[in-house]
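Full structure from sequences and hints, please.
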Amino acid sequence: MTDLPLSQPAAAMPGRRTGSLLAQDDRTRRRNAAESRFRLYGVIAIAISMIALVVLLATILTGGAGAFRQTYLNIPVTLDAEVLDPNGNRDPAEMAKVLTLAYGRVLDAAVDGTIARHGIQIEGLSEADIDGLISREASAQVRDRVLANPELVGQTVEFDVLVGGRIDGYFKGRVTMDSAERDSNTSPQQLMLAQELADRGEMVTRFNWNFLTNADASDQRPEAAGVGVAILGSLYMMLVVLVLSVPIGVAASIYLEEFAPKNRLTDIIEVNISNLAAVPSIVFGILGLAAFINFAGLPQSAPIVGGLVLTLMTLPTIIISTRAALKAVPPSIRDAALGVGASKMQSVFHHVLPLAMPGILTGTIIGLAQALGETAPLLLIGMVAFVRNFPDGLPGGLMDPASALPVQVFNWTQRSDPAFIERASGAIIVLLIFLLCMNLLAIWLRRRFERRW
Amino acid sequence: MPLSWAIFASFLLAAAGYIIGRSRAFASAGPDVRKLHSRPTYHGYSVALTALFPPLAVLALAGLLRMAGVLSAEAGPVVGLLALGAGVVGLGLGVTRIGQQFQARNAVERMVLGLLMLCSLIAIVTTAGIVLSLVFETGRFFQVYDWRTFFFGTEWTPRFQGNSQLGIVPLLWGTLYISFIALLVAVPIGLFAAIYMSEYASGRVRSIVKPAIEILAGIPTIVYGLFALITVGPLLRDYFAQPLGLGNSGSSVLTAGLVMGIMLIPFVSSLSDDIINAVPQSLRDGALGLGSTPSETVRQVVLPAALPGIVGAVLLAASRAIGETMIVVLGAGAAAQMSLNPLEAMTTITVKIVSQLTGDSDFNSPETLVAFALGLTLFVITLALNVVALYIVRKYREQYE
Numbered sequence: 001m002t003d004l005p006l007s008q009p010a011a012a013m014p015g016r017r018t019g020s021l022l023a024q025d026d027r028t029r030r031r032n033a034a035e036s037r038f039r040l041y042g043v044i045a046i047a048i049s050m051i052a053l054v055v056l057l058a059t060i061l062t063g064g065a066g067a068f069r070q071t072y073l074n075i076p077v078t079l080d081a082e083v084l085d086p087n088g089n090r091d092p093a094e095m096a097k098v099l100t101l102a103y104g105r106v107l108d109a110a111v112d113g114t115i116a117r118h119g120i121q122i123e124g125l126s127e128a129d130i131d132g133l134i135s136r137e138a139s140a141q142v143r144d145r146v147l148a149n150p151e152l153v154g155q156t157v158e159f160d161v162l163v164g165g166r167i168d169g170y171f172k173g174r175v176t177m178d179s180a181e182r183d184s185n186t187s188p189q190q191l192m193l194a195q196e197l198a199d200r201g202e203m204v205t206r207f208n209w210n211f212l213t214n215a216d217a218s219d220q221r222p223e224a225a226g227v228g229v230a231i232l233g234s235l236y237m238m239l240v241v242l243v244l245s246v247p248i249g250v251a252a253s254i255y256l257e258e259f260a261p262k263n264r265l266t267d268i269i270e271v272n273i274s275n276l277a278a279v280p281s282i283v284f285g286i287l288g289l290a291a292f293i294n295f296a297g298l299p300q301s302a303p304i305v306g307g308l309v310l311t312l313m314t315l316p317t318i319i320i321s322t323r324a325a326l327k328a329v330p331p332s333i334r335d336a337a338l339g340v341g342a343s344k345m346q347s348v349f350h351h352v353l354p355l356a357m358p359g360i361l362t363g364t365i366i367g368l369a370q371a372l373g374e375t376a377p378l379l380l381i382g383m384v385a386f387v388r389n390f391p392d393g394l395p396g397g398l399m400d401p402a403s404a405l406p407v408q409v410f411n412w413t414q415r416s417d418p419a420f421i422e423r424a425s426g427a428i429i430v431l432l433i434f435l436l437c438m439n440l441l442a443i444w445l446r447r448r449f450e451r452r453w
Numbered sequence: 001m002p003l004s005w006a007i008f009a010s011f012l013l014a015a016a017g018y019i020i021g022r023s024r025a026f027a028s029a030g031p032d033v034r035k036l037h038s039r040p041t042y043h044g045y046s047v048a049l050t051a052l053f054p055p056l057a058v059l060a061l062a063g064l065l066r067m068a069g070v071l072s073a074e075a076g077p078v079v080g081l082l083a084l085g086a087g088v089v090g091l092g093l094g095v096t097r098i099g100q101q102f103q104a105r106n107a108v109e110r111m112v113l114g115l116l117m118l119c120s121l122i123a124i125v126t127t128a129g130i131v132l133s134l135v136f137e138t139g140r141f142f143q144v145y146d147w148r149t150f151f152f153g154t155e156w157t158p159r160f161q162g163n164s165q166l167g168i169v170p171l172l173w174g175t176l177y178i179s180f181i182a183l184l185v186a187v188p189i190g191l192f193a194a195i196y197m198s199e200y201a202s203g204r205v206r207s208i209v210k211p212a213i214e215i216l217a218g219i220p221t222i223v224y225g226l227f228a229l230i231t232v233g234p235l236l237r238d239y240f241a242q243p244l245g246l247g248n249s250g251s252s253v254l255t256a257g258l259v260m261g262i263m264l265i266p267f268v269s270s271l272s273d274d275i276i277n278a279v280p281q282s283l284r285d286g287a288l289g290l291g292s293t294p295s296e297t298v299r300q301v302v303l304p305a306a307l308p309g310i311v312g313a314v315l316l317a318a319s320r321a322i323g324e325t326m327i328v329v330l331g332a333g334a335a336a337q338m339s340l341n342p343l344e345a346m347t348t349i350t351v352k353i354v355s356q357l358t359g360d361s362d363f364n365s366p367e368t369l370v371a372f373a374l375g376l377t378l379f380v381i382t383l384a385l386n387v388v389a390l391y392i393v394r395k396y397r398e399q400y401e
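Residue numbers (UniProt numbering), protein chains in the order written: chain P, 1 to 453; chain V, 1 to 401.
Since the hints were derived computationally from the structure, they do not count as laboratory data.
Treat the hints with care, since some could be wrong.
[Stated by the list, open to error] Derived lysine-lysine pairs resembling DSS-like cross-links, with alpha carbons at most 27 Å apart:
hint	chain 1	residue 1	chain 2	residue 2
1	P	Lys344	V	Lys35
2	V	Lys35	P	Lys327
3	P	Lys344	P	Lys327
4	P	Lys262	V	Lys395
5	P	Lys327	V	Lys210
6	P	Lys172	P	Lys262
7	P	Lys262	P	Lys344
[As the list claims (entries may be wrong)] Covered stretches of chain P, going by a simulated chain V footprint (3 or more residues, C-beta under 8 Å):
hint	region
8	23-35
9	55-62
10	289-303
11	311-322
12	376-383
13	405-419
14	431-439
[Said to hold, decoys possible] Just a sample of chain P residues kept apart from chain V, beta carbon distances all over 12 Å, derived:
hint	residue
15	Thr78
16	Gly88
17	Ala93
18	Gln121
19	Ile130
20	Ala215
21	Leu242
22	Glu258
23	Gly285
24	Val329
25	Gly373
26	Glu422
27	Trp444
All values derive from a computational prediction rather than experimental measurement.
Cβ coordinates follow ideal geometry from the N, Cα and C atoms, glycine included.
Right under this line is the structure:
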């Protein structure tokens, strides 16, 4: 009965308010405090994730910016014909027999000449310090240019040669006089020499296009390492993924969404796809190793194998987003097409598919972006190998060994010279720029073409 | 490469078939095109497809035979010619079928449907490939190595000379420990972020914060790995591990766990966001109408209602954490040991898969084959987690639909 509470004395009812409604009692205050605490937790959670994002991006950007700048020494090099072309007939085939070692001696002489010309005198500067000023890659650099143009031999030519990684690090603030004291690869005297040369405008740090076009370089020459092969390898893999995963993924989604009868087989397929989407990527790497390399006999480190593995990985993503896009097309479109006499197939291919296209493209680009950043499966199929040569053009280049951007990053983190960490961060910046462009394209497509019914 | 030439030639043949089929259809219709059952383009497509399928089938068969070792590499040109021959025969058959009564559209649609069905089977083929390759190689591993030592051995010391101790227990311990820390970071932060965004935040805040959190989800794991290696690891070592005397290694369980936790935040928050939004508004309105504050509504009505879904989301996050590779490769270290100290380097299943399978590997030694057994274990664990999680999430969705 409803009057039961009324029969009890008012004092016996717990929590009954007696004071003014405007004054907050203890319990209300407690509840309000709990409320604002709860809100604060939410704000803190969001703040932590925002701070994590900012710190993550900031460390990578500040750490990697150095990779895009490189220090060069501008010196006039006298290309001694006696050394570089002993036979004197300027035949590139014969000159190719001259080793980079000889060019190294020519360069050393040029550096000595420059120091003498400026009259730089530094106490305790050893011959090794002067020779170590320029990169070991510099002699190869000069050799390549001379072989490309044999007429240069015998002349004095201005060269911008790479300086050593430690000197480069000095101008970027990575190496200091203190650290040079403890470093067997450089010395304070060498850094002072570099500083003198920089003061006289012979040594400059400028934008480094070579980082984007060079191949990887050996452990001793971080200053010459670039992401050229990695970009090309990633590009080839994305091409394979695009060519294979889009037609197959769209076809599979059309079948499952529009034609598949509801039976056991389609059920199995659907469960399968949603599970495949959550299989760890490294398991796909094992599959690639076992199926494509050990069983099918495809070459290791080849973009085609990487592309195939990434295709299998992206297919579930593409299928899931394509099915969502197809589902978003209202049934009235299909009914209208069927109503004017189109076959089922015609209604799908002439009406539903074009309308779902923006959604499909968006999903595909996001799937590709995921594939571009994937590392673990590529490690297992040998993409981590040291690759110095650019792969051939298409289609033969698909079988040549190549690297990939994320794998190149991993590769550089495993090297001992700290200059490679800067390169790794730089490679990540390149990777993130690619990802940003792809995602912006996806967002633009969605904004521009998406229709809501 | 004769193979790519054969493929190219068969596509050329198909294009020719389209043109021939179309013009033959026009010719057979006479002056009135309406006499044809199907439009001429369908006749073209039908010829093109009948010319394309046989050579592709021949090439696929030859590829399989070559992988199985029946066919040698020198047979390439023969296969190519055979494929082209099949293409010409298909083209001929296709052309002879053209006539006023031939139902070209229906034929084309049947073929296309078959093609679509074939494509949707790729998912099953992939799964079968994964399972087969893992099970087959794991079987080989257990022929040379005792399975009891593998599953219950507490020592992991692979040696090149043989006589390695390959016990999975320390790896499993490291994996679970790191995943636990990652979830400890990701679940509260992700859940509170999701609650705040769905229950409190204004539209403007939401439109800024939600995409920002999604950026975290789009960053490749190698970036997180590098972050762990060059920033978080040294930070923890210099400010926690060394002053507290708990260790002096940059890579540690805590490093990998923290960074992996950051990686999982968007995963947890977007999943829980969906789930919280799926709770009917009437439940909230009821609770608010009875006088509860918004936080009481969330804690006592919304969260209990969404609990099964959130458990599913946490399980999915756990499966991601267990299968994550790059962060642990760069952040957790390579020492297989079992310890409770989170500032010590430990290692995981995925790290050991990478280290056993990269570089020169001999596919007959237990040291290499063990990677497949590790992979199978990983696959089974994550699959079980996923199946349970997806089941819970689906069940939960049905509840409110």
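Taking each numbered hint in turn, which are not upheld by the structure, reported in ascending numerical order? 2, 6, 22, 23, 25, 26
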